[in-house]
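Peer 1: Single-letter residue listing:
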Amino acid sequence: MMGDGMMDDSAPITADEIVVAYGDACATLTPRIKETLRNVNSGGVVEVRTDDPSAREGVPAWARLTGNPLVDVVEDDDQHTRFFIRKK
Amino acid sequence: MATILVNCAHGKEDPERATLPFVVANVAASADQEAIVFLTVEGVRLATKGYADGVRKEGFQPVQEVIQSFVASGGQIWACAACTKPRGIGDDDLIEGARIVTAANLVECLASGATAINVA
Numbered sequence: 000m001m002g003d004g005m006m007d008d009s010a011p012i013t014a015d016e017i018v019v020a021y022g023d024a025c026a027t028l029t030p031r032i033k034e035t036l037r038n039v040n041s042g043g044v045v046e047v048r049t050d051d052p053s054a055r056e057g058v059p060a061w062a063r064l065t066g067n068p069l070v071d072v073v074e075d076d077d078q079h080t081r082f083f084i085r086k087k
Numbered sequence: 000m001a002t003i004l005v006n007c008a009h010g011k012e013d014p015e016r017a018t019l020p021f022v023v024a025n026v027a028a029s030a031d032q033e034a035i036v037f038l039t040v041e042g043v044r045l046a047t048k049g050y051a052d053g054v055r056k057e058g059f060q061p062v063q064e065v066i067q068s069f070v071a072s073g074g075q076i077w078a079c080a081a082c083t084k085p086r087g088i089g090d091d092d093l094i095e096g097a098r099i100v101t102a103a104n105l106v107e108c109l110a111s112g113a114t115a116i117n118v119a
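Order-wise, the sequence lines are chains A and B.
Note that numbering that gives the first Met the number 0 gives residue 61 to position 62 of the first sequence, counting from 1, and the numbers run on in steps of one.
Note that numbering that gives the first Met the number 0 gives residue 51 to position 52 of the second sequence, counting from 1, and the numbers run on in steps of one.
No lab work stands behind these hints: they were computed from the structure.
In this text the structure is predicted, and so the values were computed from the model without any measurement.
Please note: incorrect hints may appear among the correct ones.
Claimed, not checked - A few chain A residues that don't get close to chain B, going by computed Cβ distances all over 10 Å:
(1) PRO11
(2) THR13
(3) VAL18
(4) ASP50
(5) TRP61
(6) ASP77
(7) GLN78
(8) LYS86
To be verified - Reference listing, derived: stretches of chain B covered by chain A, where coverage requires no fewer than 3 residues with Cβ under 8 Å from a Cβ of chain A:
(9) 26-40
(10) 88-98
Just so you know, even glycine gets a beta-carbon here, dropped at the ideal spot from N, CA and C.
Input sequences plus hints: build the corresponding full structure.
Peer 2: Quick look at the structure:
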């Protein structure tokens, strides 16, 4: 699935950090993403794994607000999603 | 960057209403927006050391953890001076990231374009 503001990149994406955020919802997910991005250099990629379906709305909005491009989204099933965010 | 000001008027007597404004403001701070929680009435006690310990609504993060995350993300906590004074709360009582402000500070913030919301 490609959301608003995403960049199409056919090359495989390698994550510099992985956030396993199972159980996190909107209240805690984006603060965790922001915290993890602090550990990554500009241009680095954070992979966020979530089981919260509402993250499919929330994470792209967060990416648009912060200007950190969402470079890929993989929907593994109805609930599980992996977001790949590149640090601006 | 927008400035988003969220009012919180509740403390231990209503943990959900004490928590939710910080949840919303924390998401705003995490999204690189200027985020302020404006505490009034019993909510001003949340700005004091130790008060938030143990305050938790089932299904939510403990409010103390949300406050810590909020402050770490650059969020500001403003405690209404008109509400802190009758409760005997002074600057020395405040947690990191909190300060006592007057109605004039609030009005200045809003007049400068801040968006105020009430979520609980």
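Peer 1: Hint by hint, note whether the structure agrees.
Peer 2: Tested hints:
no.	hint	verdict
1	PRO11	28 Å, holds
2	THR13	24 Å, holds
3	VAL18	13 Å, holds
4	ASP50	16 Å, holds
5	TRP61	5 Å, violated
6	ASP77	22 Å, holds
7	GLN78	18 Å, holds
8	LYS86	12 Å, holds
9	26-40	holds (count 6)
10	88-98	violated (count 0)
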